[in-house]
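Protein sequences, first through last, are from chains A and B. Numbering-wise (the numbering used here), the first sequence opens with residue 1 and increments by one. Numbering-wise (the numbering used here), the second sequence opens with residue 132 and increments by one.
Calculated directly from the structure, the hints in this document are not laboratory data. A couple of the hints might just be wrong.
Claimed, not checked - Calculated Cβ distances over 10 Å to all of chain A for the following chain B residues:
(1) Met132
(2) Arg133
(3) Gln138
(4) Lys141
(5) Arg142
(6) His143
(7) Pro144
(8) Glu158
(9) Glu161
(10) Leu163
(11) Ala164
(12) Ala170
(13) Asp173
What the hints assert, rightly or not - Selected chain B positions facing chain A (in silico; Cβ < 8 Å):
(14) Gly145
(15) Met146
(16) Trp147
(17) Arg184
(18) Leu188
(19) Pro197
(20) Leu198
(21) Ala200
(22) Phe201
Unchecked claim - Covered stretches of chain A (in silico footprint by chain B; criterion: 3 or more residues with CB under 8 Å from a CB of chain B, positions within the stretch not fixed):
(23) 50-63
(24) 79-89
(25) 99-113
For every residue, glycine included, the Cβ atom is placed at its ideal position computed from N, Cα and C.
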Amino acid sequence: MDRRATTGSVVLLRNVRVGTVNTELRLDAVLDTGATYCVVPVAVASALGFHEGNRLGRVPLNVVGGRVQMDLYSFEYLRAGTAQAYRVSFCAGDLGPMSRFMLLGLSFVEHFTTTLDFDRRRVLFRAREDR
Amino acid sequence: MRGTAEQLRKRHPGMWLLIRLDDPETESGELLAANEDPAALDKLLAASSDRSRPLYLTYSVSDKEPLPAFAL
Chain A
1 MDRRATTGSV
11 VLLRNVRVGT
21 VNTELRLDAV
31 LDTGATYCVV
41 PVAVASALGF
51 HEGNRLGRVP
61 LNVVGGRVQM
71 DLYSFEYLRA
81 GTAQAYRVSF
91 CAGDLGPMSR
101 FMLLGLSFVE
111 HFTTTLDFDR
121 RRVLFRARED
131 R
Chain B
132 MRGTAEQLRK
142 RHPGMWLLIR
152 LDDPETESGE
162 LLAANEDPAA
172 LDKLLAASSD
182 RSRPLYLTYS
192 VSDKEPLPAF
202 AL
């Protein structure tokens, strides 16, 4: 069971771990069940060693206002609270010039049965029965 | 400056913080930098080669200025 902060406007998960086989960084994440992929700030992806030369490909993403192309990568693992998933795909991109939040999208969330409990200000990630 | 991530956030409302945690299983550590502009922390993040202790990039939500709504 994970206890995480929510604000009035977003579901914000603190101290999310993103890692490769060599290194790890922590950052805060905005939960977005409408996002196909996790999206990680370019500066964070770069610090972890992700760059154009080792991307998995480019994917088109529909965003507010149109369609963009983003580089696709994969973390060795991503951990939110006690919930950890392996080989989680993500795109490198910023939510805006003044943000370094990551988006926690379905490429992570789909690994779990997820409950948003606004009364207790927490998000529950439970292992799925079919996995 | 040292403290838990929560303590450091409370001391720096409205700022982005880069914290070097003491070890992977704790939320306490040393504050490396705090700035309202996250771009100011990018170079420090890129230049930090010591990954034996985790780096944590976090934002302190200010009571006076809550997070803006998102439409993603």
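| Which of the stated hints cannot be reconciled with the structure, identified by number in ascending sequence? | 8, 12, 13, 14, 15, 17, 23 and 24
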